[in-house]
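Asks: In case you want the letters, here they are:
Protein chains: 2
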Amino acid sequence: MNGAESVVRTLVAAGIEVCFTNPGTSEMHFVAALDRVPGIRPVLGLFEGVVAGAADGYGRMAERPAATLLHLGPGLGNALANLHNARRARTPIVNLVGEHATYHRACDPPLAMDVEAAARTVSCWVRVCEDPRHVGADTAEAIAAATAPPGGIATLILPADVAWSTGTRPGVPAPREMPRAPSGSVIDAAARALRSGEPAALLLSGGALHADALESAARIAAASGARLLCDTFVPRLARGAGRARVDSVPYFAEAAVAALAPLRHVVLVGTKPPVAFFAYPGKPSHLLPEGCAVHTLATPAEDARAALEALCDVLGARGAAPVREARSSPSLPSGPLHPASAGQALAALLPEGAIVVDEAITAAAGLLPATRGAAPHDWLSLMGGAIGQGMPAATGAALACPGRKVVCLEGDGSAMYTIQSLWTQAREGLDVVNVILANRRYAILQVELARVGALAPGQTPGARAADMLEIGRPDLDFVALARGHGVPGTRSTNAEDFGKQLAAALAEPGPHLIEAVF
Amino acid sequence: MNGAESVVRTLVAAGIEVCFTNPGTSEMHFVAALDRVPGIRPVLGLFEGVVAGAADGYGRMAERPAATLLHLGPGLGNALANLHNARRARTPIVNLVGEHATYHRACDPPLAMDVEAAARTVSCWVRVCEDPRHVGADTAEAIAAATAPPGGIATLILPADVAWSTGTRPGVPAPREMPRAPSGSVIDAAARALRSGEPAALLLSGGALHADALESAARIAAASGARLLCDTFVPRLARGAGRARVDSVPYFAEAAVAALAPLRHVVLVGTKPPVAFFAYPGKPSHLLPEGCAVHTLATPAEDARAALEALCDVLGARGAAPVREARSSPSLPSGPLHPASAGQALAALLPEGAIVVDEAITAAAGLLPATRGAAPHDWLSLMGGAIGQGMPAATGAALACPGRKVVCLEGDGSAMYTIQSLWTQAREGLDVVNVILANRRYAILQVELARVGALAPGQTPGARAADMLEIGRPDLDFVALARGHGVPGTRSTNAEDFGKQLAAALAEPGPHLIEAVF
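Read top to bottom, the protein sequences are chains Z and G.
Going by this note's numbering, the first sequence opens with residue 1, and the numbers climb by one from there.
Going by this note's numbering, the second sequence opens with residue 519, and the numbers climb by one from there.
Treat the hints with care, since some could be wrong.
Straight-line C-alpha distance at most 20 Å; calculated SDA-like pairs for lysine to any residue [unchecked claim]:
{"no.": "1", "chain 1": "G", "residue 1": "790", "chain 2": "Z", "residue 2": "500"}
{"no.": "2", "chain 1": "G", "residue 1": "801", "chain 2": "Z", "residue 2": "107"}
{"no.": "3", "chain 1": "Z", "residue 1": "500", "chain 2": "Z", "residue 2": "479"}
Simulated from the structure, these hints should not be mistaken for lab results.
If we strip away everything but chain Z, and leave its shape as in the complex, we get:
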């Protein structure tokens, strides 16, 4: 058995079912092995940003890793932005990167690059497998590293001669390491803080925002009077009618500071103390008020659900009645199309169990509040700030959850980073409705240009600056782009059309695109 087959058999033995890939010459033995070994499904992306983002979306929904298979340093480079996002989401990914044969690297052929250095920027674990005898064990170790709590990217770099060497053996995957519950003293400390009578909040992310854990957190909040908060961006939030209401920390630093100012205690569950997304002249980086005590109930690597249940018990909060989102049953909107009316249509039409992938950027300010009372759904946001993650993540989420509808809310600027996702959606017949929120500008940057002080108060940007922040001239035609990738598309310029098109797209199997122009 050659090295490539030993790697693939080790993946299968660990229960890894999908390999997102864009292979090259140095990965041909893996292509042959993926062909030969049953139990793992190769999914081709036309660009590595799609591959990596799909693995992120898949891992967040499946709660187990996909494998990725990339071609040398440049393939890894193309995947780097979405691997960065996955790292920030703590998504487990077994990232295989082909490399030149060990003896060939010294020749410095054209494709040679420092793969290991690039991999370290996004990985929790990196190894170059130099010896075919270790290929199985190295793969098992990579799987263990990716799935060890809190989850991360384990990059195994595989020289071509290791892949083609025969006489290798698959590795034996270790049982998956599960997150541990925090100690009783940690639970008690959190309980004391919440009983102090001083203003307090629970701040959640990661597993704390999955349905069961969130329910416990909400009961704790109801019983203790603490506020229930989550990070601005979260890997996955159980949301919608009947679910606990949880408020996000505002995006802009000054709004976040104002929202958090009254707090004297923050209990962290699966996250770190909040920091500003960007620095601004004269504005703080750390968002909690001075003197606010920080209590870590569960680190991102610990079992948030068990921690919240234990805290619930200590506080006697099991019977508390949390604030829940009421079911909103809006009519379909009419009139102008804007994020809020698009959100109204979404609230009316979103099927139960839908997965919403949110890379709507500025448009999310309208879409999020409008969909609080929609049918229960999961909401996935961009974790690392590297735009171009939404449509790939929607692709991976749909592969992880074949029975559920996926709606991708995508800014037009962000869509253009990894638009090739549409082709993989078409090829795999995935139930994804891609809604492109087309304001024809990098609207967030138009806001930020003034906020960072690059313009004097009241000053408007000059023509050349304006041009760098707008993506009209020419307008992108997303309906044509969809057709080009094999996906049916429509365009709506008013709310009524948008509602009709969204209803039709959700009713039909397979991918769709709606360009929502506003």
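Given chain Z, work out where chain G should sit, using these hints.
Replies: The following block gives chain G in isolation, referenced to the frame of chain Z:
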């Protein structure tokens, strides 16, 4: 004056006229500075792969650097593959990467990444400017590093607080360092080798393939009986009717070994001894025969033109009559469309002074021989093997040479990495004809799958392997993709239509796309 403006004024003082960019929040002060400071043209790309590839194409044709402006680690990551290609082409690029404010990095905000480590994988020079007082001098040093022979990528990482700090000063760019001519003893050694009577070749790349230097090399070959060879892939080759005939080292290792086997002397001009692009089981990495003496006339950092002129003089070869390409004046083709008939149409229609960007991969085998006798043109090839460079490079080449037509010969698989280039071509009104050679597969990988021994002799790939090497199901519609980006497109399925469409596209200003299906 703030740090961003000092950087921009230093670029302008050094004669840098174009900044390819995809900025984000941390670059807003640069956007404002690019708006304010005359003399530099910002060019927006919808994706950083376009930005980096355009800077490569620009630098190869302009022979001076463009600046790039990227957003943090992920922006650099998206640019990494095409920066890798530019590194292999030794293209000068002043690569500016925005970074979080110095004090903000320690907070580990979502977009934080090890920018410096990623930059080192592609750069000849990297600096994080930590002190606003040094920003001008650091920029001047970056420009000097990028333009020092042989040319490379100098990455200056600029924290946001350095960009917004006031009281800074522009730097004073040093005069550009020019390549030095090799010593007389080196010239004499090459002359002795060429006079030895043993089989010899000149192997050229870099500046040795520009028109004047190539003419000297051809005279040397004619006078000495040496073969005139160039690397398989070259940054820029002066080619076409009346130009010297130079043969490329074959791509596949066994063909290259056979072609080079008779040689006893190789004189290198602007390149290194040839190595195989990939390793294959049982095949060599080094392509020159054992016992072949290697004589370096000029390293990539030395003045190839001066070296060749000096060698020409020593050999008394100024009056020699080199083998030149005869003008072929083929009629427009009819019948089936394939790379050779597409090449025939190109040979008939290519205007004098055209720039041909070649990322045709397997199709190049038909296009290259067919166009040997076309009107004189420059031919740019993919240097680092990271596909997705062609259309961005064509974009940058057109910006560097506004009076010249650019033809981009692009594989369909490769086109899908950086298809967003079309939008920049449309926005800037660039005279680029993008010919998509649509065989609907990664044809090179279908060849390589067998060649690397991943299949037994005569074995055909299974369905899942075949699926990873084909990009039909669904077919991409490049005419729709072009329209989506604001570029007119046509499709041809026979040679006659292709010729008509190519003639029409070359006759009209602005970008066009032709999907050549075969």
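Asks: Against the 20 Å threshold, does the CA-CA distance of residue 500(Z) and residue 479(Z) hold or violate the hint?
Replies: With Cα atoms ~16 Å apart, residue 500(Z) and residue 479(Z) stay inside 20 Å; holds.
Asks: Would you check the hint for residue 790(G) and residue 500(Z), treating anything up to 20 Å between C-alpha atoms as holding?
Replies: Given that 20 Å is the threshold and the Cα spacing comes to 63 Å, the pair is violated.
Asks: What's the verdict on residue 801(G) and residue 107(Z), does the C-alpha distance respect the 20 Å limit or exceed it?
Replies: Distance of about 14 Å is within 20 Å: holds.
In summary, the one numbered hint that this structure violates is 1.
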